[in-house]
Structure formats: C-alpha cells, structure tokens
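Which chain is which? The protein sequence lines are A, D and C, in order. The first sequence begins at 1 in our numbering and counts up one residue at a time. The second sequence begins at 1 in our numbering and counts up one residue at a time. The third sequence begins at 1 in our numbering and counts up one residue at a time.
It should be emphasised that the hints constitute simulated quantities derived from the structure, not laboratory data. Hints may be right or wrong, so weigh each one.
Stated by the list, open to error - Quick list of simulated restraints, FRET-style, between CB atoms:
no.	chain 1	residue 1	chain 2	residue 2	range
1	C	17	A	30	40 to 46 Å
2	D	135	C	260	14 to 20 Å
3	D	206	C	428	44 to 50 Å
4	D	119	C	260	20 to 26 Å
5	A	356	C	322	25 to 31 Å
Cβ coordinates follow ideal geometry from the N, Cα and C atoms, glycine included.
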Amino acid sequence: MKAAAWWLAGIFSAVCVTAQADDWSTIETKAKGQTVYFNAWGGGESINQYIDWAAQETLKRYGVTLKHVKITDAAEVVKRIKTELEAGRTADGTVDLMWINGENFKALKQANALYGNWVEALPNWQWVDVTKPVRQDFSESTHNLEAPWGMAQLTFMADQTKVPTPPRSAKELLVFAKANPEKITYPKPPAFHGTTFLKQVLSELTPDPKVLQQPVDPAKWAEQTQPLWDYLEALHKVAWHNGKVFPASQADMVPLLADGELLIALTFNPNEAANLIESGQLPDSTYSFGFSQGTIGNVHFLAIPSNAKSKEGAQVVANFLLSPEAQARKADVTLWGDPTVLDTSKLTPSQQEAINKKAKGALTENVPTLPELHASWVDALETEWLKRYGSQ
Amino acid sequence: MLQLNNVTITHKKSQQVLIQDLTLAIAKEEIVTLMGASGSGKSILLSWILGALSNDFEAQGNVYLNERVLNLIPINQRKIGIIFQEDTLFAHWSVGQNLAFALPANIKGRKVRRQAIEQVLEQVGLGECYERDPATLSGGQRSRVSVLRAILAQPQALLLDEPFAKLDQALRAQVRAWVFEQVRALEIPVLLVTHDVEDIPKERRVVRLKDDVR
Amino acid sequence: MSIVFLPVLIAGVGVLQPAFDLATWQALLVEPQLPLALRHTFFSAIGSTLLAVVLALSTVILLYPSHWWQWLVKRLAVLLAFPHLAFAVGFGFLIAPSGFIARMLAPLFSWSSPPSWQLPQDSYALSLMVGLALKESWFLLWVLTSLLQQHSTLRALHVAQSLGYGRLQIWLQVLLPQVLPRLAWPLMAVLAYSVSVVDMALVLAPTTPPPLAVLGWQWFNDLDPKRFALGSAVSVLLLLIILGLSTLGYGLFKLYPLFNRYLSGKRWRSGLLSSSTLQKAIAINVVLIGWLALILLSIWSFANQWFYPSLLPSTWTLKGWWQLEGTLLTNTLVLGLSSSLVAVIVVISWLEAFAKNRVELWYFPLVLPAVPLVVAQYEVVIRLHSESTYLALVWAHLLWVVPYVLLVLASTYQNFDQRLMLTAQALGHSDARILFQVKLPLLWRPISAAFAVGFAVSVAQYLPTVMIGAGQISTLTTEAVVLSTGGNRRTLAVYALGQALLPWLMFLLMMGLTYWQSYKRSGLR
Chain A
1 MKAAAWWLAG
11 IFSAVCVTAQ
21 ADDWSTIETK
31 AKGQTVYFNA
41 WGGGESINQY
51 IDWAAQETLK
61 RYGVTLKHVK
71 ITDAAEVVKR
81 IKTELEAGRT
91 ADGTVDLMWI
101 NGENFKALKQ
111 ANALYGNWVE
121 ALPNWQWVDV
131 TKPVRQDFSE
141 STHNLEAPWG
151 MAQLTFMADQ
161 TKVPTPPRSA
171 KELLVFAKAN
181 PEKITYPKPP
191 AFHGTTFLKQ
201 VLSELTPDPK
211 VLQQPVDPAK
221 WAEQTQPLWD
231 YLEALHKVAW
241 HNGKVFPASQ
251 ADMVPLLADG
261 ELLIALTFNP
271 NEAANLIESG
281 QLPDSTYSFG
291 FSQGTIGNVH
301 FLAIPSNAKS
311 KEGAQVVANF
321 LLSPEAQARK
331 ADVTLWGDPT
341 VLDTSKLTPS
351 QQEAINKKAK
361 GALTENVPTL
371 PELHASWVDA
381 LETEWLKRYG
391 SQ
Chain D
1 MLQLNNVTIT
11 HKKSQQVLIQ
21 DLTLAIAKEE
31 IVTLMGASGS
41 GKSILLSWIL
51 GALSNDFEAQ
61 GNVYLNERVL
71 NLIPINQRKI
81 GIIFQEDTLF
91 AHWSVGQNLA
101 FALPANIKGR
111 KVRRQAIEQV
121 LEQVGLGECY
131 ERDPATLSGG
141 QRSRVSVLRA
151 ILAQPQALLL
161 DEPFAKLDQA
171 LRAQVRAWVF
181 EQVRALEIPV
191 LLVTHDVEDI
201 PKERRVVRLK
211 DDVR
Chain C
1 MSIVFLPVLI
11 AGVGVLQPAF
21 DLATWQALLV
31 EPQLPLALRH
41 TFFSAIGSTL
51 LAVVLALSTV
61 ILLYPSHWWQ
71 WLVKRLAVLL
81 AFPHLAFAVG
91 FGFLIAPSGF
101 IARMLAPLFS
111 WSSPPSWQLP
121 QDSYALSLMV
131 GLALKESWFL
141 LWVLTSLLQQ
151 HSTLRALHVA
161 QSLGYGRLQI
171 WLQVLLPQVL
181 PRLAWPLMAV
191 LAYSVSVVDM
201 ALVLAPTTPP
211 PLAVLGWQWF
221 NDLDPKRFAL
231 GSAVSVLLLL
241 IILGLSTLGY
251 GLFKLYPLFN
261 RYLSGKRWRS
271 GLLSSSTLQK
281 AIAINVVLIG
291 WLALILLSIW
301 SFANQWFYPS
311 LLPSTWTLKG
321 WWQLEGTLLT
331 NTLVLGLSSS
341 LVAVIVVISW
351 LEAFAKNRVE
361 LWYFPLVLPA
371 VPLVVAQYEV
381 VIRLHSESTY
391 LALVWAHLLW
401 VVPYVLLVLA
411 STYQNFDQRL
421 MLTAQALGHS
431 DARILFQVKL
441 PLLWRPISAA
451 FAVGFAVSVA
461 QYLPTVMIGA
471 GQISTLTTEA
481 VVLSTGGNRR
491 TLAVYALGQA
501 LLPWLMFLLM
511 MGLTYWQSYK
521 RSGLR
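Construct the entire structure; sequences and hints are all you get.
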C-alpha cells in the first residue's frame, strides 16, 4: 500500500513535471519567430549594449527578435498601456516586456493591466535567491506578475582628489554641503533617483522608520515628514544654484560631477562609477561610497502587459535574462555591473568570478540595505515636494 | 558738370569687360543719351555713377560731379537723382507722401510742405492727387510723379534708366516732351539710357556702347 | 491633403474636450506651477520672437545688399537646416558653467571649478529665449532673403538712397511697411513655435517649473485623467496665447503707419551704419554662435575624457560614432524621404488642381501649438490600430512637412509663367505631358529645395515621432532627446550631429542634382 502510494505519487509528480516541461517547450515553440518590444530606460550606454547583446542571443538561441524600445520614463509606458486598454486593445499591444518597479508596477497592477502567473514557472526561477526581496516591490506583493531582474542600492560617487573623506549620513551630508556651498544637489523629483534621495533622508530622520513600510496615513503625514522638509530647507540654502534648479535626472549629475560643478553624485548602481570611468565620462580618481547606517536598496523587475502581442516571446526573453549566464554578464562591472538577483552559491565558479569582479571606482565597502518605503509614499512625497519646491 | 574719367567696369566672375575706358563729360543743362544693345552695360554704368554698383562687378576710373570726386561718397550724399524704367513709387504711401519724402527738410511745417507739393502737382496737371494711392494712377501719371519725386530732392545730376520703355507709344512722346522740359529747367547734367532712337532729344549728344568691347 | 489634416482636427476636438469643463480650469488656476510656467512661456516666446525679428532686421538693414550680405546668405542654408534640438544641445555645450565659454574664461579669472552660472536652465528662461531667437533669426533671414531677391526692393532702396536717406531710415519708413505684411505668416510661425516648443525647452529651459508647453506635454503623458484634462486645458491656453500675441502684433503693425504719416523730409545721420568693418562683424556674429555650436558638437562626438577646464579633450575616441545605431539612421532616412516625397507629390497635385486657391489655410499646423495636435494624431492612430507603423508616422509627419513644402513651392508655382504652358499647349501636347516634360523640369530647383526642406522638417520632428512611434520606431531625434537626459555628452553629441548631418547632406545632394541638371542650361540656375 505504501509502495503503491509512493508509486502513485511518483506518477503524479512525473506527470506534473512533464506537464510543466511540456508547457515551457510549447511556450518556446510559440515564441519562435515572435518580436518582443522591450520597453526599457535607454539613457545608459552600457545598459543599451547589454540589451543589444541579449537581443543577439535570444535571436540565435530561441528565434525571438528582441527590440529595445528606449524610453526616458517608465510612467509614459504605463500611460500608453492604459490608453491602449481603454481604447479596447486587449490584444496586440505595443509593449511586450517592460522594465519596471515601484509605483509604475503598482499602477499597472491596480489597473489589472499585467499578464500573470508566469514568473515562478520560468525554468530559471530555480536560481533566484528568494531570501532577497524578490517577491516584494516597494512593500507591494509582486503576485507572480513581475520577474526580478536586478538589484539596486543607492550609492554615492565622488572624486578622490576633491572629496578625500565623504559624508557618511544624511546629517553629515548637510554639514558637508554647508562647508562646500553650491556643490551638492539631487535630481528633481519625480525623477526616480530624486525621490529615492527623499526616501533616504526620510528613512534616516523620521522618528519611527517602521511607519514607512505602511501606507501613508494622511493624519500623521505632516508630523512624520516634517524632519525631511526641515532638512531640505537647510540643504537648499547651500545647494547647487541654491536649490532653485535641480538636475533633471541622475544621469545629468554625471557630467556635473566630472567637471567639478558638483562634488557628489548619486546612482542606484554600485558599479556605475566604474562603468563611467571606463567609458571616459568620469575621471579615473572617482570612487563610490555608501552611508554607514545603510542606504535604500530595491529590486527591479520585468513585467508583461496583459495586452502584449508576444507573451511567449516575452517569457522566453525574461527567462533568458534570468539565466546564470545572462545574470553573470549583467553583474560584470566591465559590461554593466548590475547586481544579480540569483543565489550566487548555486552558480559555477567562473560565473561567480564574473559577478564578484571589482573594478576601479566601484563600491568596495559593504553598505547595509535599508528597505524600500511602501509604494504610496512615492506619490505623496513627490506631490508634496513639487508643491513646496516645484516652482520657484 | 558730371564727368567720367577712364571708366572700366568688369564682371568679376567672368572677367568680362562691359565698359572699357569710357571718358565723358556732361555739362549743366545737357542731356547725353547712352545707347547700346541690351547687356552692353548701360544700366550697370548708371548704377556705378549712382553709387550702387552690384557686388558682381568692379569698376575703375573716377566720377566727378561739379569737380567733386564721388567715388568714395556714399549714395545718399551724392545728390544724384535716378528714375528707373519700372516706377518705384512706394506703394504704402499716397502720392503726396511719396513727394514729401523727397522734399528737403528746410521746407518746414506741415502746411507749408503740403502746399509746396500740391503746387507742383498742380503745375503738372495732377492737382487733387495728393491723397491718391499711386496704384490708382495711370502709367503716364505715375511716371510723372516719379520724375517729380526725383526733382523735388534737388539733385545736382539726374540719371534716367529707360524711363519711357514701359509707356505705350502715344503716351510716350507726351511724357518724353514733358520730362525733357522739366530737366532742362533744372539746369543740371542728365544722362539718359535708352535703346529707342525716338527717345533721343534733338540736338543732343549720343554715346553708343558697342557690344564688341567684350 | 484633407487626409492629413481633417482627422487631426476632429480628434483635436476630442483631445480638447476636457478643457471645456470649468472644473479643469479651476484646477489649472490653482496649480502652483502655473504662474511661473506662464512667465517662462511669455518670456521665452515674446522675447525670442522680438529678439529674432530685431536680429534679422538689423542684419538686413546693416548688410543688404553689401558683399557681406551675400556672404551671409550663402551660409544661411547650413544654419537653417541645423535642427532646433541639435542646435540647443550645441548651444548648451557653449554656455553651460562647464561649457566652452566658461573654459575660455577660466584661466583669466582663475576659476578652479566651474562658475555657478545658472545656465542653460536659468530661472528666467533666458537661455531658451536666446537659443530660440538665434535659431529663428536664421529662419527669418532666409525668408527675407527670398523676399529681397526681387529687384523692386533693391531699386526702392536705391531710389530712397538717392533722395538722400540712410539705410536705417529707409528701412523703417519705406521698406519695412512693404516687407512686413509678407513676413506675417513666417512671424506667426516663429511665435507659435516658441510658444509651443518642447524639445528645445527640455534642453534649455528651467525645470522648476518648465514652460507651459512642456508642462502640458508632461500632463498629457500622466497616468491621471485629471492631469490629462489639465494638459488639454494648457493646449487651449497655448492657443489663446498664440492668438492673443499675434493679434497684438498685428495691431501694432496696423498702428505703425500712424507714426509714419507726416514726412518732415529730415534725413537722419547714418555714417556709422555703412562701415564695412561693422558689416563684417555683424555678418560673422550672426553665424558665429551657430558655428561654435556645431564645432562643439563635433569635438564632443570624438571626446573620450574631456573635463573642465580643459579646452580640448584629453583623450579622443571613435567609440561614439561606432555605437551609432544603424536602425535609427535608417528609420530617420525612411521617414524623412517618404514623408517629403509624399508631401511634394501631394502639394504639387493640390497646386495643379486648385492653382488659384489661397494656400494660407494649410499653414495652420505651423501656427498652432504642436502638443494637442500630436495627441490628436495619436487618438486617430490608436483607433485605427496602426500606431508605431511607418505609415502612421509618415502621416503624422506630413502635418508639418506639407505646410513647409507648400511654403517653399506655392509662390514659385503660382507665379510660373503661364505663357510657357500656353506655348507648349499650342504645340499640341497633352496637359500631362506638358506637366512632366515642361513644367516640373523647369520648376526643378524650387521642387528640390522643397524636398530638402521637407526632409529637414521630418528629421527634426520630435513630438509626433515619439508619440506615434510609441517608442518602437525611434529616430536620431527621439534618441537625442532620450540621451539629453542620459548625461553622456559624447553619445548625445553624436546623435545631435547625426540629426544635423542628414538634412545637410540632403541639401548638398539636391544642390548637386540641380547643378548637374542645369550644367548646360544656365537659365535654370
């Protein structure tokens, strides 16, 4: 009897496994010949080249044509998907795969605009390090609607010759800014990095950081965020152009840092400084650093809109991007340097070596990761910021 | 006296010589007629005397007006009047305003100036025309206003660039007679360019530009 | 022709519909960004239009018809085909705190780090104003060139000079009143462009807040329908601003003769104005900034490491050019060639069919804000399920390409000497044969010019390309805007320069063809 049960279970699981394998091979078959429009931020040279490489590989291996749609702001893509759906285009959409996280994910999730139930069925899901926050996106559950792609952590960059000892907290940064007037700034919210800077400061200054993991409570909003606004008032007085102008994006800060117009720039990629030195955009003496109490880190994802034309192709691409090979290449600082979401202990030694490669300028110290705020804070912070400093 | 000394005009690009070593003196009260086939450089010569030679050409030689060398004097201080084949009345102004523009500033006062102009208009049979739009005038009337405008500025020499070519045959003789009468009264040197033998005033000198100087 | 224009108008009503809701206007009025955005728009639009007019007219007054005028005219085509965005990028490289001017001054004032100029995104939108003014002054000069090619202007100038007047006075009293009415449409296009410019503003305008047009564009792209409604209200507002300002301008023009009625006969002194050194200085200055922008773009496109305060890159690289993406180039070319070709065909057929009709009506896209037109186009395209197709993009570009082609072709076409046609008809040839064998070859020069202008207009289109292309079809222009937020000045320079090179090559090609075609027929040149 026991044996029979085992036998049955054996068959059952075998059927399951075959069914799943069958599923995936069906998907791969359907994917062949499809064109996947991958909407991803196009402002980074090394990122664009990485996606180019992925496109060549997916075409060669799976017959899937990957087209990188270079966008400036994922919110525009969200808007386009919603417009398409409202116009009744429930199939045949223009976006097949998109690079997404945070409030954009939340917006699409709430609008029921995402294709679901595919992420953890990807064959390469087995490599993913589930101890990392790959099932949470800004305190919003991913619900199998988006696949993790890479890790990010707020990191600062400075020039060794001009900033020998960097500030190690938001408070120290303010002191540093006062000592070096007009040399510190941050991207203008709602630019992603600008909002992240606000969240970083808020996480450090708010009396009770735990409330940041919950939805915004309008009643307590003023009290909870007051330290942030006080901080910004003080910072803007000594900031670049006295806080009347802000760089449009994180990338805009790079040339400013290169020319010494700014002393500190920020990034979400611990390896960015290395890349920028390599491509000649930053001086060789640039280095990266974090705050000693930690900086905000999060995971960025890949999602498929519900009206995507090539859903199978998009899954094949997402699966490929999650493969140890693609992830190792992505983590390679000489190529892109975006930290992996995979469990490195499961990888081959050569893949581990690529991932652990350190390049000149990259973050070498171990900076603790602070959790992302609940997604509702993003909009609230941005709106309040625009109200206070948006027009001056 | 308007005097040209050894004038040579060349087209810069092609190095074609249009006028070669022309020397000419026109006394006060004299009308000299300049004739030649089209393209022989008559109008170019006039524009050089006027001080408005196009950049495509270059000129050598001197031009004198009453013993004053004009070569380096800008067009607006040469005191030479010009009348073109096409009438050049300014379309946004009335006949009277066109003439007032020419009238020297030493005739002062709104009323005085208007009276002065109405008087000359009267003299040439264009009384009541002060407020008229030039576009409503006949061809003959327009050319009379053009001549009047040139004369009112009190030029010390006058250049006429085929002034009658656009007028019809009947009108032509009449306007011609009138113009000659006006310019003679001014007692200034006049250079007339034409290719119509009929236009040559009797007893006047004619200079022919040959085509074969090229 | 209606296929290009009508659907946009109909959808335009839909796009603007939220603007007819009072609540939207109330929301707009309390929007904290509005007052400053309005100020930026007024400053940059009025300032740049006036400045462009002053620049263009003073150049004409001082130079025309001197040797230096001809020198300048020959160099205008290059500047004219310099796309707005590419020029803005180069201009930014020039004036930024770590830009070329600051680097030149750095040793003089021993600035060890860049000065804290708030440029180019200064809080009075002055950079945008000056950038627009320079670019538009070339356009106005070009329009003036063709107006002044008529002999009557030159003769009028000479007559007035022989009456003892100087240049300045002649222009103010005699020539301008005659030339200005014919400048009305170009001036309105300049005004409308500066009021509704987005791509240049993204590079040169302040961001806290941006000018109204950019704000509207951002709102149209917002997830929130309320914001979309605000965008729609802003479009109406932009339209009202354009209408208001042009009515004001028209009124001032109508008042102008009143100051000009009584002629005292006084000749103003004007010795200085005809000095050749001054003319030279002016002519060179008009093109100088354009050239500097161009040179800086070229240097940046080859720069590897180029940090303040070095005047030249410390290391050079071809990397930027190798990484130029082929598909972007082909997309830009395909769109430019097909939309200008279609536009030329459409315009010629229209001119053939309705030779005597007034053409002004079709210029409306040039005097309307681009943002709502583009959103309207998008609504049309999405209903037809054809976004991000080449066909839809060509259609979208035509809305701007057709008017420009018409602008170049209409007057020459309508002034075509009908006697030539009659002569050919008298010889017993069919109309079609005459059109293709007589008329079009004779009009080759304006047609090729119109083609090149249409191509340049298409290449420079940002809003319709990014909207209708839905990101799937990108061009050098959309890529350059993406990169302008990317911080990599080398790549940005490569794309901006590429965007500028294409129209230049097209103008060169067309000039070459014209030269070749008229090699033995000097009458055609």
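A quick look at each hint next to the structure:
1. C:17 x A:30: 40 to 46 Å: Between residue 17 of chain C and residue 30 of chain A, where Cβ atoms are some 41 Å apart, the hint holds.
2. D:135 x C:260: 14 to 20 Å: Hint holds: Cβ distance 18 Å, inside 14 to 20 Å.
3. D:206 x C:428: 44 to 50 Å: holds (47 Å)
4. D:119 x C:260: 20 to 26 Å: Given a distance of about 24 Å, which is inside 20 to 26 Å, the answer is holds.
5. A:356 x C:322: 25 to 31 Å: holds (30 Å)
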